[in-house]
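Trainee: What follows is the residue order along each chain.
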Amino acid sequence: MELTINGKKRQVDAAPDTPLLWVIREELGLTGTKYGCGAAQCGACTVLADGRPIRSCVMPVSSVANQAITTIEGIEEDPVGRRVVEAWVEHQVPQCGYCQSGQVLTATALLKQSARPGEAEIAAAMVNLCRCGTYNAIADAMQQLAKG
Amino acid sequence: MMPMNMPQLPESLPTDGQPLNLSRRRFMGASLGALVLGVLLPGKVVRAVQSVASETKPGARIPAFLEIRPDGTALLRSPFVEGGQGIYTAFAQIVGEELDIAPERFSVECAPPGADYLLVNGARFTGGSFSVRSSYEVMRRLGASARHMLLQAAAAKLEVPLDSLATQPGIVVHEASGRTLGHGELAALAAELSPPEQVPLREKKDFRWIGKPVPRLDARDKSTGKVTYNIDLEVDGMLLAAVQHAPRMGGEPEAIANEAEVRAMPGVHSIHRLPGAVAVVAQRWWQARRAVESLKISWKEAAPGTPHAMPADFSSAGMRAALAAAPGPGIAAEEIGDAARALKQASRVIEATYDAPYLAHGQLEPPSAIARWNADGTLELWLPNQAPELFQQAAAKAAGIAPEQIILHSSPLGGFFGRHFLYGTANPFPQAIQLAKAVGRPVKLIWSREEEFLRDALRPMGLARFRAGIDENGLPQALYAEAVGESPTERWFGRQPDKANKSAVEGIARKPYAIPNRRVAQVYLEHPPTIGYWRSVGHSMNDFFYESFLDEVADAGQQDPYALRLRLLADKPRHKALLQAVAELSGGWKRGPFTAGDGSQRARGVAMASPFGIRQRGRHHRRGVHRGRFGGGSRCLGGLRPRQHRQPRHRRGPGEVRRGARAFVHPA
Numbered sequence: 576m577e578l579t580i581n582g583k584k585r586q587v588d589a590a591p592d593t594p595l596l597w598v599i600r601e602e603l604g605l606t607g608t609k610y611g612c613g614a615a616q617c618g619a620c621t622v623l624a625d626g627r628p629i630r631s632c633v634m635p636v637s638s639v640a641n642q643a644i645t646t647i648e649g650i651e652e653d654p655v656g657r658r659v660v661e662a663w664v665e666h667q668v669p670q671c672g673y674c675q676s677g678q679v680l681t682a683t684a685l686l687k688q689s690a691r692p693g694e695a696e697i698a699a700a701m702v703n704l705c706r707c708g709t710y711n712a713i714a715d716a717m718q719q720l721a722k723g
Numbered sequence: 002m003m004p005m006n007m008p009q010l011p012e013s014l015p016t017d018g019q020p021l022n023l024s025r026r027r028f029m030g031a032s033l034g035a036l037v038l039g040v041l042l043p044g045k046v047v048r049a050v051q052s053v054a055s056e057t058k059p060g061a062r063i064p065a066f067l068e069i070r071p072d073g074t075a076l077l078r079s080p081f082v083e084g085g086q087g088i089y090t091a092f093a094q095i096v097g098e099e100l101d102i103a104p105e106r107f108s109v110e111c112a113p114p115g116a117d118y119l120l121v122n123g124a125r126f127t128g129g130s131f132s133v134r135s136s137y138e139v140m141r142r143l144g145a146s147a148r149h150m151l152l153q154a155a156a157a158k159l160e161v162p163l164d165s166l167a168t169q170p171g172i173v174v175h176e177a178s179g180r181t182l183g184h185g186e187l188a189a190l191a192a193e194l195s196p197p198e199q200v201p202l203r204e205k206k207d208f209r210w211i212g213k214p215v216p217r218l219d220a221r222d223k224s225t226g227k228v229t230y231n232i233d234l235e236v237d238g239m240l241l242a243a244v245q246h247a248p249r250m251g252g253e254p255e256a257i258a259n260e261a262e263v264r265a266m267p268g269v270h271s272i273h274r275l276p277g278a279v280a281v282v283a284q285r286w287w288q289a290r291r292a293v294e295s296l297k298i299s300w301k302e303a304a305p306g307t308p309h310a311m312p313a314d315f316s317s318a319g320m321r322a323a324l325a326a327a328p329g330p331g332i333a334a335e336e337i338g339d340a341a342r343a344l345k346q347a348s349r350v351i352e353a354t355y356d357a358p359y360l361a362h363g364q365l366e367p368p369s370a371i372a373r374w375n376a377d378g379t380l381e382l383w384l385p386n387q388a389p390e391l392f393q394q395a396a397a398k399a400a401g402i403a404p405e406q407i408i409l410h411s412s413p414l415g416g417f418f419g420r421h422f423l424y425g426t427a428n429p430f431p432q433a434i435q436l437a438k439a440v441g442r443p444v445k446l447i448w449s450r451e452e453e454f455l456r457d458a459l460r461p462m463g464l465a466r467f468r469a470g471i472d473e474n475g476l477p478q479a480l481y482a483e484a485v486g487e488s489p490t491e492r493w494f495g496r497q498p499d500k501a502n503k504s505a506v507e508g509i510a511r512k513p514y515a516i517p518n519r520r521v522a523q524v525y526l527e528h529p530p531t532i533g534y535w536r537s538v539g540h541s542m543n544d545f546f547y548e549s550f551l552d553e554v555a556d557a558g559q560q561d562p563y564a565l566r567l568r569l570l571a572d573k574p575r576h577k578a579l580l581q582a583v584a585e586l587s588g589g590w591k592r593g594p595f596t597a598g599d600g601s602q603r604a605r606g607v608a609m610a611s612p613f614g615i616r617q618r619g620r621h622h623r624r625g626v627h628r629g630r631f632g633g634g635s636r637c638l639g640g641l642r643p644r645q646h647r648q649p650r651h652r653r654g655p656g657e658v659r660r661g662a663r664a665f666v667h668p669a
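As given, the protein sequences belong to chains C and R, one line each in that order. Here the first sequence is numbered in the numbering used here, starting from 576 and rising by one per residue. Here the second sequence is numbered in the numbering used here, starting from 2 and rising by one per residue.
Bear in mind the hints are in silico, worked out from the structure with no lab data behind them. Hints may contain errors.
Below, simulated DSBU-like cross-link-like pairs (lysine-lysine); rule was C-alpha separation at most 35 Å, straight line [unchecked claim]:
no., chain 1, residue 1, chain 2, residue 2
1, C, K722, R, K213
2, C, K722, R, K591
3, R, K227, C, K583
4, R, K58, R, K500
All chains should be modelled from the sequences, with the hints used to inform the complete structure.
Mentor: Here you go:
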């Protein structure tokens with residue numbers, strides 16, 4: 576099967592119903608995408624498929640074969656992604672950091688879709704779980720990013 | 002989170018360890034001896050450190066902690082593990098301040114097991130808010146001693162008196178001649194020197210990094226997915242494993258109906274019966290997981306007398322009823338005056354029972370362990386932990402080899418909150434050790450989220466019964482409290498039957514409020530589930546219970562909850578000042594309900610807690626979730642609710658706070 580990951584074509588040998596997460600982590604060795612709950616609840620496994628955030632832990636790899644996948648490893652190749660990372664650093668968002676790949680990708684997807692999202696739009700999009708409680712820092716970073 | 006078998010906060014910190022240079026004559030050849038400042042031989046350092054453990058003073062040997070590289074960057078081996086609390090950055094600040102290397106020039110990793118790192122009362126664990134408190138002085142002295150050795154080296158190299166030299170970040174400066182030498186250029190020479198007996202520490206007024214906001218060293222890597230957690234590690238030739246545990250603790254696998262079928266599934270290497278579980282080893286974890294979940298296993302009930310076997314009829318509701326019914330008076334943890342008599346004399350008695358549920362840690366990184374048996378008989382382990390030496394010992398026991406044969410690696414933790422102490426069946430590493438031995442290859446075991454929730458060591462369900470007596474002026478004269486249950490310390494370090502356990506009553510006993518007659522006791526009742534330390538331990542529920550009850554007492558006596566607290570803190574100036582500061586910072590005490598600037602209806606509540614000697618206060622906001630924002634220091638009181646009031650409850654107004662299921666405490 577051929578996948579497009581961070582702009583590169585990659586051949587993978589995996590059963591078609593293998594979750595994208597495990598193909599990314601185990602076949603491609605890109606471990607920035609995290610396994611958290613395995614049930615599409617926490618969002619740690621978020622990647623972008625044609626720019627939309629998806630929960631890779633429940634997404635069969637065969638269903639995204641024709642889409643461009645962006646993982647955290649490719650985030651800084653995207654100008655919006657770069658801005659998000661800078662805001663994350665500026666606002667010192669991460670604590671343990673385990674959820675932050677998913678948070679950064681979710682933020683990037685929102686800003687690519689809506690350059691200046693309102694508070695409600697941000698709240699609706701930024702629903703990934705953070706056990707450390709970095710939500711306020713995320714909110715501050717998003718507020719700054721939403722100013723464009 | 003907790004001090005394990007050390008019930009007391011260390012009153013005197015271990016500050017007597019003078020930094021020492023590694024004496025190469027003492028234990029190894031000269032070529033290895035040059036490993037001090039500047040030579041990168043970490044594996045060998047580690048083993049050397051272990052070999053001289055018996056003569057080691059914790060915190061004393063510079064090379065166990067510090068390597069200065071030729072480029073002037075520094076590697077620091079932290080005694081404590083990073084898990085979001087920011088300890089790696091804190092140590093870069095502390096050591097960097099004295100060493101005169103900017104924090105951002107440090108890379109920090111968790112130190113391996115070894116006597117050098119036993120900085121918490123002769124032991125080591127990351128938790129209990131002890132990391133900086135236990136080692137601040139030691140780490141400063143370490144940095145200062147290393148700096149002194151760099152100065153000595155520079156003096157020799159430049160042939161000038163030592164007192165003509167000074168340092169600036171990263172360099173030694175000879176002001177008279179304007180010559181400078183980088184720390185990295187001096188490291189090898191400095192390594193040949195002996196550390197000073199005494200060394201002055203930097204004046205507080207001259208601090209550039211200690212006590213100042215410093216960006217976290219790992220913020221960028223954590224924002225770009227570059228930090229490697231245990232679950233991300235790979236070793237050559239490893240196989241992956243997944244497990245299915247007995248549905249109830251104590252059960253054992255009996256028969257597998259479809260073993261041959263599952264063994265034929267893609268990628269499957271082998272199927273293994275383990276104590277209380279079945280494992281599948283496969284080429285990929287997803288294959289192992291799918292296979293193990295396909296197994297049709299029948300489970301044997303626990304044999305009679307199996308310790309901590311989960312009864313078939315166990316339920317949280319049943320346990321709550323059992324806790325509520327457990328008779329007092331229990332074992333007193335605090336007795337002041339005569340609470341029983343004062344209750345009889347009170348003009349009014351208020352009673353309430355509070356409870357809090359069992360809670361999983363819920364750290365976002367599911368637990369994992371990699372085990373590799375090496376050809377030389379050593380066993381190498383990569384596992385999440387908050388106490389390397391304890392895990393080393395436990396792993397040695399599980400593997401049937403000596404602790405010195407265990408090589409342990411500790412990665413940054415994807416959250417911990419007390420999850421990664423030793424909790425018997427709650428730690429995956431014994432399974433990984435067994436599997437690696439069975440298959441003759443390295444094995445990485447990951448517990449699925451479901452298995453993690455099934456086998457995590459839970460915060461025990463908490464229940465406390467309160468009675469307070471108020472006088473005719475509405476002021477509390479008596480408090481009688483019973484905390485019912487078992488604390489994790491009793492479970493894992495043995496119970497003292499004649500003593501109330503500190504963790505069980507912390508947050509209820511020894512509160513600072515001047516209630517003249519007090520009795521706080523523990524009524525012991527064992528918990529069937531596996532229990533463990535959970536962020537701030539007893540405080541995480543008991544302070545909520547106590548402070549909520551104090552509000553009820555205030556209500557009953559028609560006292561303002563803030564004013565009553567201030568009054569009860571009349572003889573505690575620090576607590577009183579803290580509470581007043583909180584009120585001021587909040588824009589003044591406003592009980593509410595009131596209309597806020599944005600038009601919303603709000604009310605405020607107030608509470609005060611002092612877990613492990615750290616003063617905290619909280620503001621509860623009814624509207625929305627007020628989340629902590631001060632790094633790892635935030636404490637939350639979530640998922641708690643008052644219940645079963647034997648007296649008709651005072652009805653609270655619409656704007657009041659405590660009934661909200663989400664009362665988050667803002668950190669101090």
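Trainee: Are the hints correct? Go through all of them and say.
Mentor: Status of each hint after checking the structure:
For the hint pairing K722 of chain C with K213 of chain R, the CA-to-CA distance comes to about 29 Å; that is within 35 Å, so the pair holds. Distance hint between K722 of chain C and K591 of chain R is fulfilled; the C-alpha atoms sit about 34 Å from each other, no more than 35 Å. As the CA atoms of K227 of chain R and K583 of chain C are separated by approximately 19 Å, the hinted pair is consistent with the 35 Å bound. Between K58 of chain R and K500 of chain R the CA atoms are separated by roughly 33 Å; this keeps the pair inside 35 Å, and the hint holds.
Comparing the model with each numbered hint stated earlier shows that all of them hold.
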